[in-house]
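A.B. asks: Sequences and hints are given; from them, build the entire structure.
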Amino acid sequence: MDPATSVFNGLKKSGIDLITTVPCANLKEVILMLEDDPDIKHVPVTREEEGVGICAGAWMGGGKTAMLMQNSGLGNSINALASLNQLYGIPLLMIMNHLGVEGEPICAQVPMGELTTRLLDALVIPYLIPDDHDAEQTIHRAWNLATAENKPVAVLLDIPFWEGA
Amino acid sequence: MKRIAVIREAASTARDIGALVVGNIGFPSRELHAVDDRPDNFYMLGSMGLASSIGLGIALAQPERRVIALDGDGSVLMNMGSLATIANQQPENYLLVIIDNGSYGSTGDQPTATSQKTDLARVAKGAGVQNVHMIDTLTDVHRLMEQVSSGVIVIKVEPGNADVPVIHLCPADIMERFMAQCARPFP
Chain A
36 MDPATSVFNG
46 LKKSGIDLIT
56 TVPCANLKEV
66 ILMLEDDPDI
76 KHVPVTREEE
86 GVGICAGAWM
96 GGGKTAMLMQ
106 NSGLGNSINA
116 LASLNQLYGI
126 PLLMIMNHLG
136 VEGEPICAQV
146 PMGELTTRLL
156 DALVIPYLIP
166 DDHDAEQTIH
176 RAWNLATAEN
186 KPVAVLLDIP
196 FWEGA
Chain B
48 MKRIAVIREA
58 ASTARDIGAL
68 VVGNIGFPSR
78 ELHAVDDRPD
88 NFYMLGSMGL
98 ASSIGLGIAL
108 AQPERRVIAL
118 DGDGSVLMNM
128 GSLATIANQQ
138 PENYLLVIID
148 NGSYGSTGDQ
158 PTATSQKTDL
168 ARVAKGAGVQ
178 NVHMIDTLTD
188 VHRLMEQVSS
198 GVIVIKVEPG
208 NADVPVIHLC
218 PADIMERFMA
228 QCARPFP
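Listed in order, the protein sequences are those of chains A and B.
Reminder that position 117 of the first sequence reads as 152 in the working numbering, one-by-one numbering, no gaps.
Reminder that position 90 of the second sequence reads as 137 in the working numbering, one-by-one numbering, no gaps.
One should not assume that every hint holds.
[As the list claims (entries may be wrong)] Computed Cβ-Cβ distance ranges for the label pairs, DEER-style:
{"id": "1", "chain 1": "B", "residue 1": "Arg62", "chain 2": "A", "residue 2": "Asn185", "range": "26 to 36 Å"}
{"id": "2", "chain 1": "A", "residue 1": "Pro58", "chain 2": "B", "residue 2": "Gln137", "range": "16 to 26 Å"}
{"id": "3", "chain 1": "B", "residue 1": "Thr184", "chain 2": "A", "residue 2": "Ile164", "range": "48 to 58 Å"}
These aren't lab readings, by the way, just hints derived from the structure by calculation.
It should be emphasised that the depicted structure is a prediction, and the values quoted were computed from it without experimental measurement.
Glycine included, each C-beta is placed from N, C-alpha and C at the ideal position.
C.D. replies: Set out below in structure tokens:
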């Protein structure tokens, strides 16, 4: 299975029905699949923090919510993740393309790339990384963890993940 | 006219029409809580800037319910991209009410950009929101909230907070009772 399909299947298996996205080249195929799915409300947002707010509202309204983002967007979301999700106990699945690490050709991606897991640790947000090129089970586990613990959970998809298939 | 007068009128109308309400961070939520505490109110205690986004999310997940966010100028200025997202999603059940007092009221009344050059109604129109209303009376608040279920209302008020207590509900309680209202079948 190609990596994009495995991400999409993980979202479907988790029953995600509303997803906010800030685009990423590696997530291009997944975003197209979301657009075509009649059971998923796709909400493109201008900034990741906005997506955190929309997902929080949708979850309170009964939705199953996820975000697709680059890891750089974690920096744009921190206050909301802490003072909205962590404060009230609101789950969120964050599918995060992890740039700036192994195989990164663009130097500007490196600072946030190297800080990403440290920021997640500081926020006490668990993160899961697929063992191979199939993210389906990992995403489903992340969603179950988010709803069991009522908190955000991240799935990090690094460059080697996307180079598989 | 001060913000609490608008909040009182909006809360009363929201009760009449059975709307879910999002209160903005700081004094706006405290004033909403003081004038008409209902489980249908979500008091946003943190996440400055996100009241309009939270309201949008609720509206998308609850398309049968009227949803109203009572936001402020400082908050919308912090998350102006939200106006573009609302414009493009166009939920028919979501009304964003921006109570514009030109002031960061919860932090010492420092002036915001709307006290000078910035016009949030024009920003909303430029972002693509179809129905944008500029109003200045409480009668208009009541009439528009009854008649219009979507778009943006901007109402100019004077700066100043009411002398109201802090909200003693814990965040989990605010959320759980609000979610119970969302889950309740609506006539």
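A.B. asks: Please list, smallest to largest, the hint numbers that this structure does not respect.
C.D. replies: none
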